[in-house]
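Visitor: In case you want the letters, here they are:
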Amino acid sequence: MSNELLAPDKFFLNRFGVSERSFERILGTALERKADYADLYFEYRSAEGLGLEESMVNHTSKSVSHGVGVRVCAEDRTGYAYSDEVTIDRMRLAAEAARAIADQRGTTAAAVRVGTPVARHALYDLDSTPLEVPVQERARLLSEIDRVVRASDPRVKNVMASFACERKIVMVVNSDGQVAADVQPLCRLNVTVIADDGKGRQMGSYGGGGRVEWNYFIENDRWREYALEAARQAIVNLDAVDAPAGEMVVVLGPGWPGILLHEAIGHGLEGDFNRKGVSAFANRIGQKVASELCTVIDDGTIPNRRGSLNVDDEGTPTSRTVLIEKGILRGYLQDRMNARLMKMAPTGNGRRESFAHSPMPRMTNTFMLNGESTPEEIIKSVKNGLYAVSFGGGQVDITNGKFVFSASEAYLIEDGQVTRPVKGATLIGNGPDVLTRVSMVGNNLALDAGIGTCGKDGQSVPVGVGLPTIRIDGITVGGTRA
Amino acid sequence: MATVDIELANWALDEARRKGASAAEVLCVTAESLAAGVRLGEVEKLKSSRERRLGLRVFCGQSSATSSTAELERDSLGDFIANTVELARLSAADPWAGLPDPSMHPKSLPELSLADPDSGIVAADRALEIARTAENAALKFDPRMKNSEGAEFSSGRGQILFANSQGFSGEYSGTSYTLVVQPIAQDGDAMQQGFWYTSNRRFGKLEDAESVGITAARRAIRRLGARKIKTMRAPIVFDPDMAAGLIRSIAGAASGPSLYKGASFLVGQLGNPIAAPGVTIIDDALIPGGLGSKPFDGEGLPTSRKNLVDKGVLATYLLDCYSARKLGLAPTGNAARSVGEAPSVSTTNLYLAPGSYTPAQIIGSVKQGLYLTEIIGFGVNMVTGDYSRGAGGIWIENGELAYPVNEITIAGNLKDMMAGVEMIGNDLNWRSSTVAPTIKIAEMTIAGA
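So the sequence lines, in the order shown, correspond to chains A and B.
Going by the working numbering, the letters in the first sequence line up with residues 1 to 482, in that order.
Going by the working numbering, the letters in the second sequence line up with residues 483 to 931, in that order.
Quick caveat, the hints were computed from the structure, so don't treat them as lab data.
Any given hint could be a false lead.
[As the list claims (entries may be wrong)] In silico DSBU-like pairs for lysine-lysine, Cα to Cα no more than 30 Å straight-line:
id, chain 1, residue 1, chain 2, residue 2
1, B, K788, A, K383
2, B, K788, B, K897
3, B, K527, A, K343
4, B, K628, A, K456
5, A, K288, B, K710
6, B, K897, A, K157
7, A, K343, B, K628
8, A, K380, B, K527
9, B, K622, A, K276
Just chain B, with the same shape it has in the complex:
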């Protein structure tokens, strides 16, 4: 079998040039993982995987094509490269296409501790034991915890190798460990699912399995007996996961491809206030061990820490080389890459800087409003910022969590919502690559009965 290494990558780059390409990039991804799931205490599934793929982008002058293949033997790879070069010739010459300015490639790469030095893939027996511990804790928590969609523990490791024809090459490896628990609470005919997870690049830094299970159970139980409420306008407190979803939308609207297509409500807003003055959103690729950290971006450019929104002002866009050239700006090291696709833009570790309020103080400030703990659907229009989504949570009365609500929607416009951020919590917790503390938005429309 052909191994994916720098020698193969360099051979592919040379081969692309021999076939007539003026420039090329190679991205190789190798990954393996093992996931083990239990349901109601019994083993339910085991899944093991191995994959390695090679992605190519070739240029013939200003025309380009991308491709990917799992056939890495040199004979078939040679034919595949020739086909890709041929495809590039058939593409339109695009004045903004091309590799980065070679002087922008980093001379050295930061060490970000993305791989766990002590643990690799966790063996099936151990993985099952962890999943079972978590699910069992959830099911024991309360007599109403009667059913389950199961618990799953997965571990994976992967390696990324990137090289281009102007001499940049880099590689890094990473690990990840995730435990997910989904128990179900039942009371009469009513059923509600709970969901909780922990995820980290280091096995030893995962949240304790028992406490993940108990949190999942608590989240299921507190949804039981949910009612619909009347249609009204009211303040909304977004819990940390919901607030993280909100800043993800802001980052999407600030991404180069949406901007140059005119498909974003943030077109032309660089340097303008787009949120309340207390809002600072940071994208930091260099957090050691961060789930979204990377030493270089999808085009081989250095990554960094930067404020996307600085005290309410849109401080930068998120750009790859192509969208940067289109917009007449410099790339920001946010090119993302999946094998076989042209570069796109993504955040790395994105977070809303914490404020000074405790979640209890924020909830306590609301006379009548919604503590939002779940969203369903995709009702965000990035062109206009219009926002309308299915919601569920806990109704707040006189500063106290009173009763669960569901089958309602919340609606507004992202511009007004960001301007209406009145309080920001101090409860930032790195559970994912995009995180935020609890926040309060002054007012939105809630549609119900």
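The following block holds chain A by itself, in its conformation from the complex:
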């Protein structure tokens, strides 16, 4: 890795010929009216993608983007302006646009002194990122995936595989004089398989990644596991029967089904919604919102995870936040502005998609801690129900608390046994209520493989989820078999 990446705080100074003194002047301009806080967010992102279709690596792409966002906060108001030209003139214009939010003229221009970089975690100090691996080598892996999947079963009709990697260099300078800089690698390998048995067609998808080196996919044949898992899902679903409809006992498998926590609980605990009183969880800290078997954590400090960050996008080091402890609601996820307004501490959850977006409270890696049951005991305890092991996306209405998540691989449970696969179905529940129905929690917590992307207010950020096997005594399953 080159020197400038070891000192990311110097990267922007060198690359765009801007100086710490100019940041001070621009932040001073931003604060010229009565404002509480201002920050500059610099971003330089390089990304490459490779795609395989019909046994050809025929999609290759590359992008370079950079820009700077200027934010001014005054009480609960936010002014934000950005430009993809990183020049002093553009930053000054952006600062003037952003400060229009602060409507009163201050008496003196605030003096800002830029200090030394804040301490950050070291969660993904990689020797190299996959961007440095020759394109041919990355392409060869996709071709190998194609070969392995096609050889695995004659019902495989089509294979699509992609590898995407990026490196973001970011720097935040704020009006308290704090500077935080980080280099954020991220990559993801994805495999999609279409299977056809002459009677029907089904799709299966699997993948993973994180803030990891290329070797992550090679060691332990992880790439082969992704490939065969995608094929297995597609083939299992060829035999799927119609899913049941109505309220029933549902057992969720470990790992990615943790998307339940993300939708049902996580969004409703983001600080902005609670400050405004528009979340179904508003004013419920200290109250029971889950069975005592449930402890739910958001942790941005797990090494190499897709949802982890050394510092959040406001320069605050990320942390581990207990959201629910043995059923009791304990905390919210905060960015700086909402923490200040709610008189709470920032939790390192201020995130944004890019320099073109203002930060807001977002999740990092959200998961439930282990319980004591074995997965076998949990399945065996169910007379009639659904066992859901893989999911597509989910969504929540944070105001009324209703959330959905869609199973892409699920089975009937009959007399304590997992039996036939059923077609995908959406599950719908009520966030503040669903975890009160958790009657068993497994001892097999797993985090997802590194594929999650969360959308909020038009901004996408990478996240992680995790779950042990759990039993929910009643949630509505949206099948067709009434």
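Since chain A is already given, all that's left is putting chain B on it; use the hints.
Guide: Just chain B now, with coordinates in the frame of chain A:
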């Protein structure tokens, strides 16, 4: 600073050839916008943006690569072009890749009035006043309107410039104006959000701010007191926004890339009935001032008006050049492009042709069923057509809207749902680039308690 113009585009095309490309395309996008939001009457946010990006697709024979950059100075752009050509050389030679047949490029471009001649970016003060008017109307509408996620007014203008190495170039500019209001109704512990918006390419054609606010309030209030219902099979009336979502799914399944990958339930259905005979779905790129209108597509081909579904029969697929070649068909002018990405396929202005029933007649025809006003989640399997999504709306009893329902799902298969379209409303309203009137589907499974 380097400006994005035809001269820079031509320079980039020449540079790609000098670096060894056999063909190339350049897409430049310049955009600026201003959004202003209020919440509970107070200013909450202002956001202003400017961006300009250059996207490139280069071919070395049948191998290609796409790229994008914000670094437009010729020195760094030259290096970037060289890297892109190098990347193309590393891609597999794909027999179906390539620019369009040059004879298909249009000789002249239609004038579609995509930019407002009278208004540009609306200044912050005015934008805030509009947002405040809308939110205030929502909050005054009823004593139960107690909270708000705010109201936002945004305006933007942008320019698209496209040129390729076989001599086609074109550019167009557009404006857009959008007002969104999200008030919250509260009754005891229950809270429900309302959401309504107006959007247009012309500032003067937006729906009145006060009426947008009142509609949002009505939509929040009517959700209060929602209950869950029993699991059953019943007819479902899709309101216009929900019906628009349905035809969007049909268009997705009829898109070339899904078809040649075998990832669509419409594979092999061209020319076959796929919906009730009353269903005609039109994609029209040439509506003057239309939110989805464009004078040429993402590969420089002419755009048109065509029936996607004609009286229930799948009349065409939606194709870019690549998927057209794969399927042995002609491109349909539906290539979409974002900077730095290979062409994809999208609709332009997509709509379900209106029928003769009033929404009241449609609701009146249902003895017991759901008037669907909200969907959550993404539970549509495009490979099989299986459909299962979270839903909310108003329960219909004996032809009358009776009480709100939520925490339920509706499920079926898109093939059966389209075949089951029994009534089509006369209430088509161009609020977005994909619109539909109210429709009634004979029967679906509703899962509840």
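Visitor: Starting from the hint list further up, note which numbers the structure goes against and sort them upward.
Guide: Of the numbered hints given earlier, those the structure breaks are 1 and 8, listed in rising order.
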